[in-house]
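Number of protein chains: 2
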Amino acid sequence: MSCSASRVIDVPALVEQIRAGRPRGVARGISLIEQGHHAARDVLAGLTERNGHAHVVGLTGPPGVGKSTTTNAIVRELRSRGRVVGVLAVDPSSPFSGGALLGDRIRMEEHATDAGVFLRSMASRGHLGGVAAATTQAVRVMEAAGCDVVLIETVGVGQSEVEVAALADTTVVLLAPGLGDGIQAAKAGILEIGDVFVVNKADRDGADNTVRDLRHMIQMSDRSEPGLWRPPVLKATALSSDGLEAVVDAVADHRIWLERTGALAERRRDRTRAEVLALALAAMADELEHDHARLDAAVSSVVEGSADASSAAADLVERFRRAREGSP
Amino acid sequence: MSCSASRVIDVPALVEQIRAGRPRGVARGISLIEQGHHAARDVLAGLTERNGHAHVVGLTGPPGVGKSTTTNAIVRELRSRGRVVGVLAVDPSSPFSGGALLGDRIRMEEHATDAGVFLRSMASRGHLGGVAAATTQAVRVMEAAGCDVVLIETVGVGQSEVEVAALADTTVVLLAPGLGDGIQAAKAGILEIGDVFVVNKADRDGADNTVRDLRHMIQMSDRSEPGLWRPPVLKATALSSDGLEAVVDAVADHRIWLERTGALAERRRDRTRAEVLALALAAMADELEHDHARLDAAVSSVVEGSADASSAAADLVERFRRAREGSP
Chain A
1 MSCSASRVID VPALVEQIRA GRPRGVARGI SLIEQGHHAA RDVLAGLTER
51 NGHAHVVGLT GPPGVGKSTT TNAIVRELRS RGRVVGVLAV DPSSPFSGGA
101 LLGDRIRMEE HATDAGVFLR SMASRGHLGG VAAATTQAVR VMEAAGCDVV
151 LIETVGVGQS EVEVAALADT TVVLLAPGLG DGIQAAKAGI LEIGDVFVVN
201 KADRDGADNT VRDLRHMIQM SDRSEPGLWR PPVLKATALS SDGLEAVVDA
251 VADHRIWLER TGALAERRRD RTRAEVLALA LAAMADELEH DHARLDAAVS
301 SVVEGSADAS SAAADLVERF RRAREGSP
Chain B
1 MSCSASRVID VPALVEQIRA GRPRGVARGI SLIEQGHHAA RDVLAGLTER
51 NGHAHVVGLT GPPGVGKSTT TNAIVRELRS RGRVVGVLAV DPSSPFSGGA
101 LLGDRIRMEE HATDAGVFLR SMASRGHLGG VAAATTQAVR VMEAAGCDVV
151 LIETVGVGQS EVEVAALADT TVVLLAPGLG DGIQAAKAGI LEIGDVFVVN
201 KADRDGADNT VRDLRHMIQM SDRSEPGLWR PPVLKATALS SDGLEAVVDA
251 VADHRIWLER TGALAERRRD RTRAEVLALA LAAMADELEH DHARLDAAVS
301 SVVEGSADAS SAAADLVERF RRAREGSP
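As you go down the protein sequences, you meet chains A and B in turn. Numbering-wise (UniProt numbering), the first sequence opens with residue 1 and increments by one. Numbering-wise (UniProt numbering), the second sequence opens with residue 1 and increments by one.
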């Protein structure tokens with residue numbers, strides 16, 4: 001997977017820009033990751049000792065609950081506490097790029113000129129290593145740029161969104177009254193991943209019912225076992241920032257709990273494990289897919305019935321082992 | 001990835017059972033695939049020359065459009081034409097297994113004692129090679145058992161569901177009036193994959209509008225270019241089987257079109273390519289994940305900051321090449 005275009009990128013200068021917290025450097029670094037550019041690896045290698053201090057916060061929930069408004073309000077609250085904040089808006093499962101996110105970004109204009117806020121949308125379907133690895137790497141760039149908190153906002157509630165949200169140290173699950181409520185949350189699997197639940201649009205009818213339902217579902221689940229973090233269920237109205245102080249407090253409390261119990265180191269180790277595995281597999285996939293002659297022969301043998309798919313796959317793996325790669 | 005338990009499975013007998021169209025043999029074969037059991041490979045190897053004749057039909061659509069009722073009605077119509085039918089109900093993205101599908105299966109009881117119908121739910125998250133490879137393999141088993149048509153019914157409309165539906169030769173997209181209609185379809189990416197569109201619950205208000213919207217969207221899209229298959233938009237009421245004859249006719253017409261244009265061979269080649277790649281990568285992932293010592297060392301180097309994730313991944317790949325596997 002060598003890339004001759006990498007020569008035009010001045011890696012040490014880019015690393016320096018990122019470490020100095022320059023927004024353009026951060027944007028460029030994340031673009032390289034998104035493109036699966038070879039230079040991304042060198043840039044990330046230059047940032048390792050700056051990694052590991054930021055609090056990574058995932059934010060997810062069904063469409064229509066006000067995710068971007070809430071992200072905006074959380075950023076505002078964090079800024080009032082003097083924290084440097086990164087925001088990654090990730091749409092892992094949409095087959096289309098951009099559209100909806102662009103609209104959301106307009107609402108973030110409030111922070112666009114604030115040097116203490118880094119914003120970035122990622123449309124990274126097809127990225128080498130998958131959206132999870134790309135997101136983890138983008139977090140590393142924001143961390144190195146000096147972010148104290150990195151918010152990962154996912155769009156949608158599919159399994160991939162849940163997986164991305166679960167990359168965080170702390171996951172905030174947003175719900176709103178009248179969206180199917182608790183049962184929808186359970187179906188989407190977000191009841192399992194939330195560390196802090198926020199019922200947004202709390203001024204609407206039914207907010208108290210949604211809070212009660214959620215608390216009840218948490219009580220009934222194995223999340224109420226002693227020794228575990230008991231996820232709080234909070235009410236908020238992101239549009240007016242009502243209740244956002246308590247949300248940011250709960251997120252900070254969870255971080256303290258993670259550190260005290262050793263769960264933080266464990267979560268980060270798991271995340272790194274998944275990242276390294278994804279990158280290794282992506283490199284393997286890249287090599288397999290690009291050796292067209294070998295792959296076509298394997299496919300033909302199955303199509304013509306002279307081999308079954310598993311044997312053809314085993315043969316591909318064996319040939320992969322025997323192949324010697326050139327310089328990376 | 002050897003599995004000592006494979007000794008207790010009499011592969012030749014199981015292959016014989018499947019080829020004889022015995023329901024228990026088919027169920028057992030698909031279970032082995034679902035479990036990622038080593039014997040599945042040998043079973044599939046025994047079925048290769050029976051592969052390739054069945055018409056693989058995907059059925060997808062948003063929740064609430066009546067997918068299982070429609071599947072049921074399609075099966076009834078196909079049976080009245082003397083076709084042997086397999087039904088695979090796949091839920092690729094739910095983090096939970098079983099539940100909803102069980103309810104659906106009860107409605108299939110009509111066909112439960114019919115020797116010409118094979119039913120199977122797959123809850124194959126985490127399956128080696130992914131849900132797509134598992135589904136393709138389960139189709140091979142049903143084909144070998146003598147199915148003329150294999151219906152793949154997906155639950156939900158996430159990206160994974162779209163991918164599974166796209167494994168088929170012919171994809172039927174179900175919609176219903178008042179479910180957000182065309183715009184929802186476009187968002188979910190199902191406008192691109194449907195070969196036959198069916199507006200179910202046609203007796204409801206708004207059915208004609210939904211049909212008109214869909215036809216309009218197809219007309220506006222690049223699917224209307226000359227030489228391409230022009231997806232029909234049909235009305236049906238699956239509960240009373242109204243309109244199902246026309247649906248099954250359209251599905252059969254699409255198959256004829258696929259054969260005439262050579263697109264069938266191309267689709268099947270693409271499917272096989274994806275399957276072989278997925279299986280090869282799964283075998284690699286399996287080996288990487290199970291070499292705990294090597295993986296833990298790589299993860300530690302990243303966590304401790306002595307390596308970046310990409311370098312650690314590259315090192316894992318290099319060690320994979322150098323490792324010699326024992327007998328499979």
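If you're looking for bench data, these hints aren't it; they were derived computationally from the structure. Since we're looking at a predicted model, the values are computed, not measured. Idealized CB from N, CA, C, for every residue including glycine. Each hint should be verified, as a subset may be incorrect.
Simulated DEER-style distance windows between Cβ atoms [stated by the list, open to error]: (1) A/11 <-> B/322: 25 to 31 angstroms; (2) B/223 <-> A/265: 49 to 55 angstroms; (3) B/229 <-> A/262: 42 to 48 angstroms; (4) B/212 <-> A/323: 51 to 57 angstroms; (5) A/208 <-> B/222: 45 to 51 angstroms; (6) A/289 <-> B/215: 35 to 41 angstroms; (7) B/8 <-> A/230: 27 to 33 angstroms; (8) A/257 <-> B/286: 33 to 39 angstroms; (9) B/257 <-> A/23: 48 to 54 angstroms; (10) A/223 <-> B/229: 45 to 51 angstroms; (11) A/261 <-> B/222: 53 to 59 angstroms.
On the chain A side, residues computed to face chain B include the following (Cβ under 8 angstroms) [stated by the list, open to error]: (12) 51; (13) 235; (14) 308; (15) 314.
Listing some non-contacts, in silico: residues in chain B with all C-beta distances to chain A over 12 angstroms [unchecked claim]: (16) 9; (17) 51; (18) 111; (19) 177; (20) 178; (21) 250; (22) 252; (23) 270.
Hints versus structure:
One distance hint, 25 to 31 angstroms for the beta-carbon pair residue 11 of chain A and residue 322 of chain B, holds here, with the actual separation near 29 angstroms. Against the hinted window of 49 to 55 angstroms, the Cβ-Cβ separation of residue 223 of chain B and residue 265 of chain A comes to about 52 angstroms, which satisfies the hint. Between residue 229 of chain B and residue 262 of chain A the Cβ separation comes to about 58 angstroms, which falls outside the hinted range of 42 to 48 angstroms. Between residue 212 of chain B and residue 323 of chain A, the C-beta spacing of about 55 angstroms keeps the proposed range 51 to 57 angstroms intact.
In this structure the hint that residue 208 of chain A and residue 222 of chain B lie 45 to 51 angstroms apart at CB holds, the actual value being about 49 angstroms. For residue 289 of chain A paired with residue 215 of chain B, a C-beta distance near 37 angstroms keeps the hint of 35 to 41 angstroms intact. For residue 8 of chain B and residue 230 of chain A, the hinted distance range of 27 to 33 angstroms is not satisfied, since their beta carbons lie about 45 angstroms from each other. For the pair residue 257 of chain A and residue 286 of chain B, the beta carbons lie near 35 angstroms from each other, so the given range of 33 to 39 angstroms is met.
Checked against the given bound of 48 to 54 angstroms, the beta carbons of residue 257 of chain B and residue 23 of chain A, roughly 53 angstroms apart, stay inside it. In this structure the supplied range 45 to 51 angstroms holds for residue 223 of chain A paired with residue 229 of chain B, their Cβ-Cβ distance being about 49 angstroms. The hinted range of 53 to 59 angstroms is satisfied by residue 261 of chain A and residue 222 of chain B, whose Cβ atoms lie roughly 54 angstroms apart. The interface hint given for residue 51 of chain A is met, as the beta carbon of that residue sits about 7 angstroms from the closest beta carbon of chain B, less than 8 angstroms.
Against a cut-off of 8 angstroms between C-beta atoms, the interface hint on residue 235 of chain A is violated, since the closest Cβ of chain B lies about 27 angstroms away. At about 4 angstroms, the closest approach between the beta carbon of residue 308 of chain A and any beta carbon in chain B falls short of 8 angstroms, and the interface hint on this residue holds. For residue 314 of chain A, the interface hint holds, the least distance from its beta-carbon to any beta-carbon of chain B being 7 angstroms, beneath 8 angstroms. The beta carbon of residue 9 of chain B sits about 15 angstroms from the closest Cβ of chain A, which is more than 12 angstroms, so the claim that it is off the interface holds.
At the 12 angstroms boundary, the C-beta of residue 51 of chain B falls inside the reach of chain A, the nearest C-beta of that chain being 7 angstroms off. With a least beta-carbon separation of about 27 angstroms from chain A, residue 111 of chain B lies farther than 12 angstroms from that chain, consistent with its non-interface assignment. Every CB of chain A is more than 12 angstroms from the CB of residue 177 of chain B (nearest about 20 angstroms), matching its label as outside the interface. Every CB of chain A is more than 12 angstroms from the CB of residue 178 of chain B (nearest about 16 angstroms), matching its label as outside the interface.
With a least beta-carbon separation of about 24 angstroms from chain A, residue 250 of chain B lies farther than 12 angstroms from that chain, consistent with its non-interface assignment. Against chain A, the non-interface label of residue 252 of chain B holds: every CB pair exceeds 12 angstroms, the least being about 23 angstroms. Here residue 270 of chain B does not stay apart from chain A, with its beta-carbon only about 9 angstroms from theirs, under the 12 angstroms limit.
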